[in-house]
Every structure is written in C-alpha cells, then in structure tokens.
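Chains as they are written, first to last, in the working numbering: chain A, 1 to 313; chain B, 1 to 358.
Quick caveat, the hints were computed from the structure, so don't treat them as lab data.
Among these hints, one or two may not hold up.
[As the list claims (entries may be wrong)] With a Cα cut of at most 27 Å, we get these calculated BS3-like pairs of lysine-lysine:
no. : chain 1 : residue 1 : chain 2 : residue 2
1   : A       : K309      : B       : K284
2   : B       : K202      : A       : K259
3   : A       : K259      : B       : K203
4   : B       : K238      : B       : K205
5   : B       : K284      : A       : K209
6   : A       : K236      : A       : K44
7   : A       : K209      : B       : K4
8   : A       : K261      : B       : K351
9   : A       : K238      : A       : K100
10  : B       : K284      : A       : K210
11  : B       : K169      : A       : K309
12  : A       : K185      : A       : K236
13  : B       : K335      : A       : K295
14  : A       : K207      : B       : K263
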Amino acid sequence: MNKAYLGIDIGSISTKGVIIDENNNILASSYIWTLADPVNAVKKLLKNLKQDIPKNYTVVSVGTTGSARRLIGIMTGANVIKNEITAHAIGTLSKYKDVKTIFEIGGQDSKIILINDGIVTDYAMNTLCAAGTGAFLSSQAKRLNIDVKDFGKMALNSKNPTKIAARCTVFAESDLVHKAQIGHKKEDIVAGICESVVNNYLNNVAKGKKITPPIVFQGGVSKNIGVVKAFEKITKEKIITDDNGHLMGALGVAILAKKEKEEIFDFDILNLDFETKGYECKKCPNHCEIIAIKKNKKIVDAWGNRCEKGSLI
Amino acid sequence: MENKIISFPHMGDYCYFIKPFLENITNMEVRISPPITKKTIEIGSKYSPDSICLPFKYNLGNYIEALEDGASILFQFGGGCRYGNYAPLQKTILKDLGYNFELYEFIKNGKFSFKHIYETIRKINPELTKGKLLKEIITIFIKIMLFDRSEHYTRKKVAKDNDNFKKIKYKFINDLKDKTNIFKIVHTYFSYMRKYQKVRCKKPKLKIGIIGELFTSMEPFSTFNLEDELKNFDISIKRFTDVSYLLIYKNIFHKITKYRARKYIKYHLGADATENVYRTLKLKRKKYDGIIHTKPFGCTPEVGIMPILSRISNEENIPIMFLSFDTENESVGIKTRLEAFIDMLSMRKEKEIEKRNE
Chain A
1 MNKAYLGIDI GSISTKGVII DENNNILASS YIWTLADPVN AVKKLLKNLK
51 QDIPKNYTVV SVGTTGSARR LIGIMTGANV IKNEITAHAI GTLSKYKDVK
101 TIFEIGGQDS KIILINDGIV TDYAMNTLCA AGTGAFLSSQ AKRLNIDVKD
151 FGKMALNSKN PTKIAARCTV FAESDLVHKA QIGHKKEDIV AGICESVVNN
201 YLNNVAKGKK ITPPIVFQGG VSKNIGVVKA FEKITKEKII TDDNGHLMGA
251 LGVAILAKKE KEEIFDFDIL NLDFETKGYE CKKCPNHCEI IAIKKNKKIV
301 DAWGNRCEKG SLI
Chain B
1 MENKIISFPH MGDYCYFIKP FLENITNMEV RISPPITKKT IEIGSKYSPD
51 SICLPFKYNL GNYIEALEDG ASILFQFGGG CRYGNYAPLQ KTILKDLGYN
101 FELYEFIKNG KFSFKHIYET IRKINPELTK GKLLKEIITI FIKIMLFDRS
151 EHYTRKKVAK DNDNFKKIKY KFINDLKDKT NIFKIVHTYF SYMRKYQKVR
201 CKKPKLKIGI IGELFTSMEP FSTFNLEDEL KNFDISIKRF TDVSYLLIYK
251 NIFHKITKYR ARKYIKYHLG ADATENVYRT LKLKRKKYDG IIHTKPFGCT
301 PEVGIMPILS RISNEENIPI MFLSFDTENE SVGIKTRLEA FIDMLSMRKE
351 KEIEKRNE
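For reference, chain A alone in the conformation it holds in the complex:
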C-alpha cells in the first residue's frame, strides 16, 4: 500500500482539496463552492476525492488551511492546521523553486508573499477592507449582468479601459455606475474594473514591497485573464499563472502534513453527524461568541471564550 496525504483549503468562497503521493504528485483534486456551509462542503469534497483516489493508496495524514481551517481540522482529525500564507508559500515553492513573489487574490482577502532563498521573507495581507478581491469582482459582474467566467475574456476586447477609482469598493462601485450611465462601453468598464483591482492591490497590499520576478499569481482571481493582463501591463513583468493555481494552498498543507505523525485517515467521517453551533455566552457583559462543534451530538471542541466561565469542555 502506498502512502498518500490529504490537504484541504477551505476558503470563504471555494473549498479545495488535493491528495498527493510521497513525491508531491497530485493524485486527486477537487474544487467546489463553500456556499457558507463548510461542514457540508467538506463532506462533498471528501466524497469527490474518495472516488478519484487510486485504489492502492491510503491517506495517512491530513492538513487543513483557509479561514475555516480549525473547524474542518477538528472534523477531519487533521494532523496539521496551518494558516493560508504559509500553506500557499510552501505549495508554490514545491512547483516553482525560484519564485520570488507570490500574488494571491482570493474571495475575501488578498496577500503578497515575498520569497528569498526558498523561505518566506516578508508578506502582507489586506486589512480592514475587501476592496479588490474576488467578492468585489463577482458582485460587479452581477451588476453588469455578465457571467464571472466571461469577465476576463471580455476585458481583453477593450482597447481603451475606463478609469475607475481603485481606492475602495464603495467608491469604485459608485464610479462604475456613473461611468456606465454616461455611456462608456461595457468591455471598457470591465477592463477598467480589472485594472482597478490591480491598482488597488499594488497600492494597498503590496505597498512598499519590492516586487521581483519571477512572479506567480494565484487564487481564484488568477483565473481571470483580464486581471492577469492588467497585472502584466502595470508591473511590466511576466506573470506566471498555473492551471492548478487555486490548489496551491491545499497542496502546501498536504506537504506540511507529510512531516506529521501518520495515522490512517478514514473517509467514513462522511457518515458521521457533525453539527456546529454558535451562541453568545451570557455569563458576563462581554458576550463572547462561542462556537461548539458536535460529533454525533457530543461536543468535541469549543472555542471563542475569553475566560473559563464560557468553557464548555
């Protein structure tokens, strides 16, 4: 029996999973929408992966990353639970050994990771504001009545991109409405949005960071060819994108799981009954939000409390 390792990256918008062998080759992968229900998304993901995994492989270690990493980590009994920045860096380095800069734009966050000599030397992540992320792009696509998938291609048709304020989502949106109303062409506006995402990213997240090639661009937004071209136009560098770009976080955490203690992972958790419950502790005026996770009606973990009063375990 050959050993395999499972990595799950569960983000705000999409859930990604990969199974790799000992040489980091991807054996199976799956990419589905989270739909604000991480528990069921992971169940569905595991079902897909179970079908794809070759018969002679057994999963011996599990890693989780992404914003729901802790919840899913407990659910799957993960051996390693890592933040998405480290996971992305490690995943990307396994494929591109001499990468120096990683751009990552996801559903609700965007980050830049700088790498030197194969280690992360600096990173930044957007704070306080979700301007210029995937969520902004998809809401604007809906407003313009375009399928997100065609968004990038449409932007390529534009010869004269409309200038759209890049500072903040709210300003960008009102700017966009205004530009549409005074008669700018749809494809110009679409190209303008792509450029505004890039400008926003470079002015906020990547501010003061030295961008050196090779640059790898990842995250859901990297699938949008319009944004990729806008990046190339503005940074004047070649931007590398990867068909598996969206899987890098999951790949990274699977690689990290390799170093951990091995125990055979059972796909049977599909049949277990998981339930999560969030409530406010009323034992003091702080009202901590407590999350309890139940496996077969029994509390297996709970967090969110700031003192012992709210402890459930």
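Once you've looked at the hints, dock chain B against the given chain A.
Chain B in isolation, oriented as in the chain A frame:
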C-alpha cells in the same frame, strides 16, 4: 456633603495602583470602573465620533459604565497627541448624555506637572498638603516602576506553564497595592521576584519586540491578548511602552532618542513615534527576530512612522508586522496574520542557523 465616588478609565493592570493613590490624596471613595468587555467598547463607540482613535472609545465606555455604577468624579490622564484633547471632548459628550459629574485632567499639555496635579486635587480635597501629595506620588511611582520591572522579566521568560506567572502576578499586585511604606514595597518586590525566578522556564523559540501606540500596547483587551497569544507560541517578548516609561524614562531620554535615530528622522514625530523608530533600530541591534507594531486604526503619529519603519525593515533586514485595531470583535484575522508571521520568523531563523553551520 454628599458622598462622591471617584473613577477612572482602564489601562492594563494599573487600576490597582491608581485606586489607593487616589484614595489617599482625596480621602474619598474610589471605585475601579467595571472591567472592559465588548459592551464597554460597544457603548463607547456608539457615543464617540466615528473616526476618533480607539482609546477614546474605550475610555468613554469606561466612563459611562463607571457613571452608571455610581461614580461622580472622573479622572483623565492625557498625553502628547490627540490623547491630550480627550478630556474636553469626553466631558462634552457625557454632559450631553445627561450625566452629572466632574472631570479632572491629571496631565495638562502633555507634560507631567506637580503644580497642576496639586491644584487639581485641592479643588476636590482642600486639606491636601504638598508634602502628602509628594509622598503619595513617590509611592505610586515606586510601585509602578517595580511592577513594570517584574513585568519586563515575565515577558522575557517563557514559563513551562503559562498560568504560573499569572497566578504570581495577581498575588503580587494584591500584596503590593495597599502598601505605603517604601521599604516594605521594595521588600515585597524582591520576595516576589524570587518567586518568579523559581518558575520553571523553557528556551524561547523566538524573540519578538512589540512597539507602537501606548494604549494598544498596554491594554491587552484592545489587541485580543496579543502577548498571551505570543506566549502560547513560546515567544520571548520585549515591550518598551509602560507607565514608568511614560512618566519617567521618556522625559529623560526624549532628546537623546532623536539623536540616536538621526539616520532616519530629523524632527520629533509626536507621541511615542520618535521612540518607536529608535526602538526598531535597538531591537535589530539586540538580535530580535521580528517586530510587531500595534496601533489603533488612524493613529496619526504611528501612521506617520510606518514608511520609516518599512525602510528600516528593508535596510536592516528585520521583519515588521503592522497591526491596526479598531472596534471589530473577531480575532481570527489577527490570529491568522500572527501565525503566519511566526511561521515566517521561524523559517528565517532555521535558515540563518543552517547558514552559520555551513
């Protein structure tokens, strides 16, 4: 005369020392305002101007809770930035809300002045003599200085069980707070330091310096217990900002600080910003692995030094993470960034050790 109750806003553990100090100089009842909770910051931000800095909102929340609790005399401390203008604005807001109270400032125009404090307290307690006030000020200074020293020690060490330090700390505060005899205070300090030294420690994984705005570095609630989080990762912490620095060391070293950081700054930058530039250089010299810079969202002096710190970070090759805090109540985002920062520092350190061994 009706029975008036004094209260003041929270910052870290200092309330335990301020309470007996105010009691002794005013001969009135002093009540510590209810501990900071999410409710405090909720009501604080409800009645504050939206774009005001975070400490203002916390202070205002404390005041409202204290007033509801029966307080009728409030104290504000004041400092060198917008902090110096908190008192008049808070007074207006609270009066508009219909509360009946008096508000006094301890520090006027950002300067600590004995005369000003004496005149202020005389308004409340006409029996106060200069000698008495001087004695009380010296006592509280010594208490705070010794307490801060013990805190420096525990921050630097990583205990095998983190609760051990905390348990001793609260006993220490309890023993120390009501002591008036200076010899006894010093004695208490040394006996507790021996207790601290007996706590079993392990080797810290990393060394991180915390710099930044004073309130967010001193009030753990405002940064989701940043220091405790770091301690859970076995990290030794150095933090310069504490009350003894603000009251004593800052005034002594302020001018030299600018000179020491002359490569990067030409003028003073307001509040603790000049110091923070110097501290960055110092932490690098002392071979710290990384720096965390905390500030309330929109803190002008600290925002002003961010580009300078970025430049130092590039030139001196020391990672700095900038964290802004506001009234949000979800700590997950901070935790993710912190975890990634620590991962990065550990990887850098491993690489350095590898290089050295080659």
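Verification of the supplied hints:
1. K309(A) x K284(B): Judged against 27 Å, a Cα distance of about 41 Å means the pair is violated.
2. K202(B) x K259(A): Holds, at about 24 Å.
3. K259(A) x K203(B): Status holds; Cα separation ~23 Å.
4. K238(B) x K205(B): Distance ~14 Å between K238(B) and K205(B) Cα, so the pair holds.
5. K284(B) x K209(A): Holds, because 20 Å separates the two Cα atoms, which is no more than 27 Å.
6. K236(A) x K44(A): 41 Å, violated
7. K209(A) x K4(B): 56 Å, violated
8. K261(A) x K351(B): Holds: K261(A) and K351(B) sit about 24 Å apart, inside 27 Å.
9. K238(A) x K100(A): Given that 27 Å is the threshold and the Cα spacing comes to 13 Å, the pair holds.
10. K284(B) x K210(A): Distance of about 21 Å is within 27 Å: holds.
11. K169(B) x K309(A): Measuring from Cα to Cα gives roughly 21 Å; hence the hint holds.
12. K185(A) x K236(A): 26 Å, holds
13. K335(B) x K295(A): 25 Å, holds
14. K207(A) x K263(B): 23 Å, holds
In summary, the structure is inconsistent with hints 1, 6, 7 from the numbered list given earlier, while agreeing with the others.
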